[in-house]
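Asker: Listed here are the chains, written in short residue letters.
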Amino acid sequence: MHFFMKKFLISIVALLAIVALPIRALAENSVSATATATAKIEIIPIIALSKSVDMNFGRVSPSGSDGNCVLTTTNTRVLTNLAEVSGGTVPASSVFVVTGGPGYSYVITLPTSATLSGKSTGKTMTVTNFSARPSSVTTDGLVGTIGTNSYFTVGATLGVEASQAVDTYSGDFEVSVAYN
Amino acid sequence: MKNVFVSVIALAIIILLPCRAMGQVSSTAASVGIDAKVIAPISITNTTALNFGTVSRSTASGTVILALDGTRSSTGGATVLSSSSFSAAAFSVTGENSATYSVTTPKSTDVVTLTRQNGNGETMTVTNFINNSPTSLSEAGTATFLVGATLNLGANQIAGNYTGSFSVTVAYQ
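Residue numbers (numbering that gives the first Met the number 0), protein chains in the order written: chain A, 0 to 179; chain B, 0 to 172.
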């Protein structure tokens, strides 16, 4: 009896030793777990555009055949088959001011063409080949970076027919910008 | 001998109490532990933050949505910068092989608030949490899933970096 009890005791202790460990482990480790994640977003100001200077091709005279007047993004005028005429207004590239989130890049959308109408005659001329130069870069392009004083210039090519009626021509064109 | 016997009973009772609390194990020595199942603890780790990226504010309110297919979309006055990186939140779960589990994200009615860093208490809310978690762990005892949500941009939301946090809980079923 004594021997049996001793053996029984050992058996129980052995069983308990085996069983107690995993059960304790189960009791200590939760059957659920939670993780916390960060949520984030960066909000930047609205990008805005305003015209600062109108595009002005100045004054030209047809010279017997179709010609054109190229106005670069740096206020330079190049005439083909057109004669220089003294006087008139000073040619100017168009200038647009861009505001928005500092350091963010933006992309410019230019028109493919614009039509100018004669003030007196109602005759038309066509402006094509628009180009832009953001103040943040030194070459023509459509992508700029917003800084403290950001703008871009716009140039284009005006087609002048040999028989273009003498008049003062004007028209509108639209450009837009968006964050890149 | 009687003392020995008493000792045995006492020892059994002390150790078995937590067992009984688990409701799984008999208090008789003969069946102790034979049926006890030892399962690996379940754990969850956040591996990727919920990042809506960079958004241009507007005079109109809008939303930015991070979907479970890894895409980002916007509505109303919110304009996302396509060049900005973004991500749905990602989580990794480990536990018992093939065990079924449940996931609890903020409910659709819960609101998680993002607060502007270095701001004056400006906030935005994130709602409509969704996830694509499987219902059970793999045979290797792992699972990964994404949590998406909708950010609500206010009209004329003050520009800045907004951050907040939310919790996701997994539990054995």
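Derived by calculation from the structure, the hints in this document are not laboratory data. One should not assume that every hint holds.
What follows is a set of in silico ranges between Cβ atoms, one per label pair, in the way DEER data are often shown [said to hold, decoys possible]:
no. : chain 1 : residue 1 : chain 2 : residue 2 : range
1   : B       : T74       : A       : V174      : 25 to 33 Å
2   : B       : T70       : A       : A177      : 33 to 41 Å
3   : B       : T162      : A       : S49       : 54 to 62 Å
4   : B       : A66       : A       : G121      : 20 to 28 Å
5   : B       : G140      : A       : I45       : 44 to 52 Å
6   : A       : D65       : B       : L67       : 29 to 37 Å
7   : A       : V52       : B       : T162      : 56 to 64 Å
8   : B       : S72       : A       : G102      : 38 to 46 Å
9   : A       : A47       : B       : N160      : 17 to 25 Å
10  : B       : S72       : A       : D53       : 50 to 58 Å
11  : B       : G75       : A       : A161      : 27 to 35 Å
12  : A       : A177      : B       : N155      : 46 to 54 Å
13  : A       : D65       : B       : T74       : 46 to 54 Å
14  : B       : S72       : A       : A47       : 45 to 53 Å
Please read these numbers as outputs of a predicted model, since none were measured by experiment. C-beta: ideal position from N, C-alpha, C; glycine also.
Asker: Determine which of the earlier numbered hints do not hold for this structure and return their numbers in increasing order.
Answerer: Violated hints: 2, 3, 4, 6, 7, 8, 10, 11, 12, 14; rest satisfied.
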